[in-house]
Amino acid sequence: MRMSGSPNLEPGAALNALQVAELVSGQLEGESEQRFTRVMDLAHAESEHVVFFRAGADTAGRRPSNEEIQAFHDSKAGLALVDDSVENPGRPCVRVANPSLASAILSRHFEVPTQYAAGVHASSVIAEDAQVDPSASIGPLCVISSGAVIGPGVVLVAQVHVGPGSMLGAQTILHPQVSVYERVSLGMGCVVHSGTTIGAPGFGYVWSGERHLPVPQVGGVKIGNGVEIGTNSCIDSGTFQPTEIGDGCILDNHVQVGHNAKLGRAVVLCGKVGISGSTEVGDGAVFGGQAATVGHLKVGAGAMIAARGAIMKDVPAGATVAGFPAVDIKEHQRDKVKLRRLLRDAGKKS
Amino acid sequence: MRMSGSPNLEPGAALNALQVAELVSGQLEGESEQRFTRVMDLAHAESEHVVFFRAGADTAGRRPSNEEIQAFHDSKAGLALVDDSVENPGRPCVRVANPSLASAILSRHFEVPTQYAAGVHASSVIAEDAQVDPSASIGPLCVISSGAVIGPGVVLVAQVHVGPGSMLGAQTILHPQVSVYERVSLGMGCVVHSGTTIGAPGFGYVWSGERHLPVPQVGGVKIGNGVEIGTNSCIDSGTFQPTEIGDGCILDNHVQVGHNAKLGRAVVLCGKVGISGSTEVGDGAVFGGQAATVGHLKVGAGAMIAARGAIMKDVPAGATVAGFPAVDIKEHQRDKVKLRRLLRDAGKKS
Amino acid sequence: MRMSGSPNLEPGAALNALQVAELVSGQLEGESEQRFTRVMDLAHAESEHVVFFRAGADTAGRRPSNEEIQAFHDSKAGLALVDDSVENPGRPCVRVANPSLASAILSRHFEVPTQYAAGVHASSVIAEDAQVDPSASIGPLCVISSGAVIGPGVVLVAQVHVGPGSMLGAQTILHPQVSVYERVSLGMGCVVHSGTTIGAPGFGYVWSGERHLPVPQVGGVKIGNGVEIGTNSCIDSGTFQPTEIGDGCILDNHVQVGHNAKLGRAVVLCGKVGISGSTEVGDGAVFGGQAATVGHLKVGAGAMIAARGAIMKDVPAGATVAGFPAVDIKEHQRDKVKLRRLLRDAGKKS
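Chains as they are written, first to last, in the numbering used here: chain A, -11 to 338; chain B, -11 to 338; chain C, -11 to 338.
The set of hints was computed from the structure by calculation and includes no laboratory data. A hint or two may mislead.
For chains that are exact copies, the list does not tell them apart, and a pair is met inside one copy or across any two.
[Said to hold, decoys possible] Below, a list of computed lysine-lysine pairs in the DSS-like style, where the Cα atoms sit at most 27 Å apart:
| hint | residue 1 | residue 2 |
| --- | --- | --- |
| 1 | Lys318 | Lys210 |
| 2 | Lys324 | Lys301 |
| 3 | Lys336 | Lys324 |
| 4 | Lys301 | Lys286 |
The structure displayed is predicted, hence computed values, not measured ones.
Can you build the whole structure from these sequences, using the hints too?
In structure tokens:
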């Protein structure tokens, strides 16, 4: 399955139903003369739009409500991406294994990202010994410090700061007002959103008897390829070695990753998650919103942490945990049921 | 009642007691030759200052402590705004129905906001095809992107970013280092504080089998009139349709509003609140600090969510809820009392 | 004990073992011809590196794991800073009372902070009536507003905003994209990291019957000496009097300090802590990550608030509290044990 367009299709071009089916590797059912221009939600779709729908549960176990089923049938969309759970799509459709994924692929065809012209805007301030690839696009009012290395096709949209010696891999894009400190490297194809800081010194102090003495944090940050970070998040510098974010991780807004933490590949951190210092998170682990860890722990590969879960000890690979302190989610739910029963019985007695 | 000054009173001018009474639509008791220059807290007030006080409970049910009552009597303030709960104000006073509101109105008279001169600072970078009203004030080192529309009287204090095609309504003010992405509109008279981001793509990914594939988020953000947003908050772009913030909403610092969420009018989100994707919040709902919702829910008009409440299912209009998961606050409090009793009894037995 | 280098030692210079011992006021055991160049973690240390280790519990009660003990013995480091709990360091060592503190002092010798040249970068915009000490370093693309006062040796790294009339004490450093509003003063030797905002108006509104009317917040912020604040934190302006942060406080990332709050000296606020309006925190109090208070409370000197603790009433000096609502940590832990027992017994019965 292609992830971004077809060699034969110009990005953004309107597509007929067969081209849609080809792009998402699906099977067209029904006929349509329409040329489709975008993916749309059920309520707002018109005949030139494509919607997507499943009647069964998605990977998170969520099923469409009756309201949503009705909205699908009422939708004016001219084409639907559906899986086998949809018996009567009521219009031409493309059968696919995963309608969400197919819609993402199709939407990525239609919605061409903003293009940025190569070159350095005259208002930006670039250190003489910084290396900026000629194909990079340095927008207005950026600062690139001494010794920094900006790779091919990199985009600094505007007002970005890149600290001394830091390195940005090819095609990485930094949105306005990102602050990269020194000793930071980002891999290829990363996206970092406004207000996020990378490489500020970790929160390391020792009490001297008189004051909190700052411990130098010179390990920096090492971010892999294809990492995406939301707005106003913070990735702190390690103490002696880099804080690490593996390839393909996705971090939402207001996320904090403490010093010396190590995230594996494709880890998901939802909004406001806090990963404390020196904690290691295995490949593919997922943290729900506001979840947090104490420091010096290991969270195994593929572990799922429910929203607001508080990790106080190691989490085995593949486990799903919830609560404060977080325990296996089945135990957590059993305990909740028991507690509810205890409180109900207490209510009867009193 | 006037919300901002009187046609007859120059903003910021010192006022005599009668003028104060007139401005706040109150009744003067006692006489004073003093001209008053500002509203002040009880402890620091001098004879030329006005204080405000109530002896009864405020709308949140909070009553003054004995310490505060003593501070009122000890205050050197020359004039007091009080309601009928205060029997012996001990100095000239202005009787009003709501001393807090009266003090706000009076303070808004005295404390004239910083004025910003119309025009574009030479250091700012404005796209050729952006429309900037001549009465707008564009401070230093701002970026206004292609196709953006900046209305009359708008203020960009400094170092603000406005993305392609985004629109700012009349008299809206953006403080330093706000980042507005593309497809964003703000209404009239909005205030956005430093570090806040509006319109970054929502956290929408689909697992492709190999990676978290980003789903284009092209719905943008639509913000009404008179909305105020604190610092370092994040309002994400909707997927197909705008994320919406209704007229008169007030959002504190570190607030996150996820993609496709819809807030009604005059909603209050306190510090660190997280509204997840596709959640709808009715008019006048209030979220306490650190409260959060999961996605795809409805919170009814006028609902009150206690601090750190975690909304896991729809909340009816007018309900007050607390806890994780949040339930009706009376049930929550009953359960807490019961639990405390259970634990006490368990303590006796063991 | 010296906190930052010796008068006889050039900052950053390699040291022999005796010089290390002298710098950290320790006792050298064993001999070494090596010249040491930095402090390093156990796993990555080479012969020219210094490590630190204790076999007993640290101040937080944390003991090294067997894995860590093995790592110490396997480390290639040429010198170790240890306390008396380490019986067989297996290499030349320096005995000290507190290895963590000694390592911090030593690392502060080796890791010389970035130096910033005095002067104002031509791209910065400085108001005519701002006072900038000639020894200050104003990096690129900063804004210093009317009436601001920038002390000797101050560093604004880049893209910093200083509002009207605000004052920065000697040697204070503001990292890129810090936003200081008006009526703010910082003392000497403070460090503020990227994205942090100081002095935005506190979240103060009064319902007018029609809208949330903003109450002017003109008290500003007063920050003492030697205060360090992480990234994307928010310190709001007081209403009539300043919000206050005492000398030597350390604040992590994503911290919010509400209007009129007062922090004493050397307070520690870990990541994502929220201090609500008008709350007073005594000297040396420590808040764990995500902990929060409601407003108008007092937290006594030296109090310890466990991570995610929610302070709903005054906390006595020296107390350690946990939970929501936070209670004495012993009571909290007893209750947890009791609850676990109740749930276990309930499980048996059902």
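Practice task
Sort out which numbered hints this structure fails and list those numbers smallest first.
Solution key: When the structure is compared with the hints, only number 1 turns out to be violated.
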